[in-house]
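Residues per chain are reported as follows:
Number of protein chains: 2
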Amino acid sequence: MLRIKTILAAAFLSLAAAAQPAGVQTLKSPDGMLELQFSLREDGTPVYSLCRGGAPVVLPSRLGYELRGCLLRSDFASKTVRTYGEPVSMHDGFSLENVSFDGADEVWTPVWGEESQIRNCYNEMSVDLRRENGARMTVRFRLYDDGLGFRYEFPQDNSLTYFVVKEELTEFAMAGDHKAFWIPGDYDTEEYPYNETRLSGIRPANEKLGAENASQTTFSTGGVQTSIQMKTDDGLYINIHEAGVQDYPIASLDFDDATRTFRTWLTPDAEGWKGHLQAPCHSPWRTVMVVDDARKVLASRLILNLNEPCALEDVSWIHPNKYMGVWWEMITGKSAWSYTDDFPSVQLGVSDYSAAKPHGRHGANNENVRRYIDFAAANGFDAILVEGWNEGWEDWFGCQKDYVFDFVTPYPDFDIEALNAYAHSKGIRIIMHHETSSSVRNYERHMEAAYDLMNRYGYDAVKSGYVGDIIPYGQFHYGQEMVNHYLYAVQEAARHHIMVNAHEAARPSGLCRTWPNLVGNESAMGTEFRGGIPPGHTTILPFTRLQGGPMDYTPGIFEQDMSKLNRDNDDRCRFTICNQLGLYVTFYSPLQMAADLPEHYEEFPDAFQFIKDVAVDWEESRYLLAEPGDYVVTARKPKLSTLNAAARSVAGLPDGKKDYLSGAARFVYALGEDATADDLASARARDTWYVGGVTDEQERTVSFPLDFLQKGVKYEATIYADAPDADYETNPQAYVITRQTVTDKTVMKLRMARGGGFAVSIREIVKK
Amino acid sequence: MLRIKTILAAAFLSLAAAAQPAGVQTLKSPDGMLELQFSLREDGTPVYSLCRGGAPVVLPSRLGYELRGCLLRSDFASKTVRTYGEPVSMHDGFSLENVSFDGADEVWTPVWGEESQIRNCYNEMSVDLRRENGARMTVRFRLYDDGLGFRYEFPQDNSLTYFVVKEELTEFAMAGDHKAFWIPGDYDTEEYPYNETRLSGIRPANEKLGAENASQTTFSTGGVQTSIQMKTDDGLYINIHEAGVQDYPIASLDFDDATRTFRTWLTPDAEGWKGHLQAPCHSPWRTVMVVDDARKVLASRLILNLNEPCALEDVSWIHPNKYMGVWWEMITGKSAWSYTDDFPSVQLGVSDYSAAKPHGRHGANNENVRRYIDFAAANGFDAILVEGWNEGWEDWFGCQKDYVFDFVTPYPDFDIEALNAYAHSKGIRIIMHHETSSSVRNYERHMEAAYDLMNRYGYDAVKSGYVGDIIPYGQFHYGQEMVNHYLYAVQEAARHHIMVNAHEAARPSGLCRTWPNLVGNESAMGTEFRGGIPPGHTTILPFTRLQGGPMDYTPGIFEQDMSKLNRDNDDRCRFTICNQLGLYVTFYSPLQMAADLPEHYEEFPDAFQFIKDVAVDWEESRYLLAEPGDYVVTARKPKLSTLNAAARSVAGLPDGKKDYLSGAARFVYALGEDATADDLASARARDTWYVGGVTDEQERTVSFPLDFLQKGVKYEATIYADAPDADYETNPQAYVITRQTVTDKTVMKLRMARGGGFAVSIREIVKK
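Sequence lines, in order, name chains A and E. Using this note's numbering, the first residue of the first sequence is number 26, and each one after it goes up by one. Using this note's numbering, the first residue of the second sequence is number 26, and each one after it goes up by one.
Just so you know, the hints here were simulated from the structure itself, not pulled from any lab data. Among the clues, some could well be false.
Heads up, the list lumps identical chains together, so a pair's fine if it works in one copy or across two of them.
To be verified - Simulated pairs of lysine to aspartate or glutamate, EDC-like, Cα-Cα distance not exceeding 20 Å: (1) K451 <-> D431; (2) K191 <-> D427; (3) K359 <-> D595.
Take the sequences, apply the hints, and build the full model.
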């Protein structure tokens, strides 16, 4: 990995620091546009501020903690019940001990991602603070061209060794009543539609919501979750989030209208404490992204860059997945996760399923699973998710059962061995499902056996779920103990070479850089909410939720009318088919689902072709047009290394990965239907791009140049566009597919219907 | 197993029931002395009462629960955060659905115990109750000659399926202001000295204690723990406890002075709830023992009989243990659990112990452990406990560290492989130590690896510890989640053929009958409290703590002056050497320690001989004299089967158990020093008895007949008695050892000094 100490910058900075009024420490971004200032107030309160081109982005805002000390060395014989120590202020009374500067300009290679290489270029300032009682704390600032990251560090040799967080006091004082895209603060779920208001509109909107929704675990009517995307009246895009949250509670923000200040609000534990820490340790990174173009938000890698490098030596077993699932039919009520109605309540190991009468609506039965395997294999997918395969679904939810699942016992009509063998014979992997029902102790007790079972039958990916209230009782989904658990599950999975897609877990903060087997999360309102999702939703997520890592959004719904699947379900999805196609490009994920039923794809084979073709791992990404809440248009070029591996597997050449790289169709597209055996053998993929666009409830026509194409090269573009009369409410399934020859000079002009979108496949034309 | 349905009793009972005033249901004990009455008040509140010989023991007392219902079948899509349902009364509005009678008279064989066979003889009455809303509950009463057990049962097919316990309302209304021996109610510890007061003295005593001891987790100044031993002015001994507590919180009692009524007080969880239950299920047994002689309390098997039979098929790996330990020297401060002073705080896997400077006081070092192995082997012990062997002791306590131990990484000066090999070569097992520091999630995460390590190196027993506050935060030692954990640890240990001795765990309720690999618990103030233990303490524990199962009390301290071990420790134990010898007989445990240091036993080899000789598993036990708080004198006959196995191992004959049955000395005693090879081969043990006595701070002379000896047989008695001038304060180490010939006609008269006691070995004299 290339790492250049930016001598010049450092020298410049020390000069800059010297030039400042006494006590004010300054750090500038590599391009000089952003300026961070740190100082201590008279009472020793640490304060920072951030400007862009001289204009304030974050007004002077306090830093620090209110803590409680713990007992130090033990007195065993007394065996006294531990009591938390006296209050320890770590937010005032500080003196400046030392300031040091550093920086880096390096390039790193993600295992998977939106591009094959990522530049990590920042200037750094570390401020060492000390209180009279000897307690020390360092605040480390890293300033990038597109934003700020800073964290608190507690050194090893410190009078403050073991402590409890009463409150983290980090503040973000905003310079105006910005427009904001946000969801309410909640300790247990992020599955909300977005609010688009001024900052002054947060409290009224939350008050209204609180009145409507009693089930919220809210803490304040000023509460919002991160990442929160803001836009200033001067056209600046400000995004507040966090990076690298490990063994520390997830932070929400509490907005104070009087001062227009966000204060960090950590998720408490069952006792109300907000973290138990032991030095040496540090907080997650607090981040403030600030750019002058919405597209730069999508292009920013601030969160990933602030996370630690990959912790895994061997990543050969981690691979992108395009999958289908025995899932949407349960979501829509067409079939069920459960197997029988016989049991008033289930006792695992006691309730005898072999003698139970099936209710006949069980989705994960041998015949149905085979049907999905056949269809997925025939259409070049890598895997299928099968939910409801294991005993316990009859009373899994809402009863707070401790022993709710054992994660290893299939229902009588799910032949785990035969189905996996059948899937593998067709180059398909079955994706395991571990719904924990939030009985977390029970999951950890069975985790090793559950992962062993997966290894035995050849599963290499698991979707885990945390629906319902947490057991141990009194904990929240986003508290420190659960944040610790989610990562524990990912680390244990890595030991077993298993990829994890965790639903209802804490929203990601870039940990997938360090543990790339964390290939997906939910942590937002996904397609399962159907009609509950407003058209603009998918134009906001790339600015917020996706900043922390990929989302298993499950796009690809072609049948918007739920009553076609379940006559008792009158729900209607609010998007067009082309909108769904566009999402495969506008949403990045190495794990991408085609969520609808095989029979619905069979109704629209020409539109389905795009889902078959589109890649899920990328060499390069271009963000062509973007405005949060309105539209997103993105272009991406498939990653060549993945193509080559796939091409070899298509060519039937020896390849260890062949078993899971059957997802051939998308590579065949890049190779061309007229590819010869030689082409396959040499895996010479044609230059290929995919472009996707989505809009909100507004119809709009967009145009964008294809200047990312190679000069002087002709390409064929296949365009999947909403039909002129398409409309998400009245005519969602109308689309037109056209072909045209394009070059880097072409400016493409496309119309998107209300709730619509488009998709384009662009492939180099090769003269034979 | 013999099981006689007591037809007669049943017939008699139905008659009795018929003879009662309408609505009153009556059950009598097999001997007819105890009578239980059940009825419903006008408002449908269930009530029971208990009489003995017509005199009231428990006045009419209410039964039932205040519950909260849960959501039933799930509505997945909504993913609503679970809210507890409406209040559900299960304490009034009941009507009587059915009453049925049953009974048993059977004999069962414990794996280990105070006798080789236990009779389980009771009459049973089941009362099925139903509320208008359809919620059903059965109260099952079992009446023995020595007491009552009853429990609540919730049937499988019930309108009440999943529910939360707000309060269990079971009451015990006492008929007088009895004398009581009790410790304060506490959610986290039972390690208190006993109070001896009238019932009316409970509150004043608790108020005084609360003022002195802020670290208590108390819930009420009326709070006491079970088992509580009472004595009425009419000489009845009443003992309230519970049996078979599984996946249910431990119950304390709250005393109401106005009505002289104890109400059940369950330990809450982090949310304040007192249990999460799913039908079919039942509560633990609530027990009221009532007998007319203190010795019958010690002879009672009420608690064991109410527990389920042994759940293990193969128990061949479970065996008694007489052991020593690298432990007392840490307790007294002579040496340390920790290894170094180098680390401000320990990070397992990061802190480099191999490079750390030893502080030189580490007890569990190779040389010291070898010294204990040599001494234990030379004196016929089975095992030695070694604490402080693994990394993490530098900051293990009071810091609420999650990752505090990994249970598999030894300190640099503890060679786990070599030491175990050395121990095994001398017929000694090392007892593993798992101090969890109450970081329970961490323990469960490492449990499998920890037990695997034990199997690899040949450990077959573990002492586990739960010192400090529980993690997950907000839980208590005696809550449902922890009660579930303690049993989980025992069950997982059984899979690995490991015996468990759990300290600071919930006080036992007879589960050792079902899981006999639970060979010990602490759950009371043991010898480690040294001078904190008043002389009367050991005369009370057999009536209270030991009712639930064996205690690892760690007797055998010969050196009462702690300053001899650690000049900074001026503590003095308050007992004589003979008192310590007496405990090996008055306290039953299959796991019995000689807790003092080898050098102290070497000072008193003739007194130490009794500890070497005395058995730890029994054919028969006789309770000769007893008065709680004053004195206990017990006689026991070693179990012949154990003797034979040992004799074979002494004789060097093939025996799978030889490796751990090296504890030969005590068997050699039973065989006689003059035993021939033939004697050994035939394992013909002589008839042997051991008698032990302990007193409180009062000097007293006791006399008892040896009428339990075989008629017409001559025995040699070796008597270890306090010297005439012995006294726990002024002269605790003075004793006299005498020998005399005795028969079944002999009446033995022995003096016990203040804080003293005695021990007697009695062996058949065989003429050659």
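>> Please sort K451 with D431 into within, between, both or neither, judging by C-alpha distance up to 20 Å.
In response: Neither: 29 Å inside a copy, 43 Å across copies.
> Are the CA atoms of K191 and D427 at most 20 Å apart within a copy, between copies, both, or neither?
Replying inline: The answer is between: 18 Å across copies meets 20 Å, while 30 Å in one copy does not.
> Can you tell me if K359 and D595 fall within 20 Å by alpha carbon in one copy, between copies, both or neither?
Replying inline: within (12 Å within a copy, 77 Å between copies)
Hint compliance for this structure: hint 1 alone is broken.
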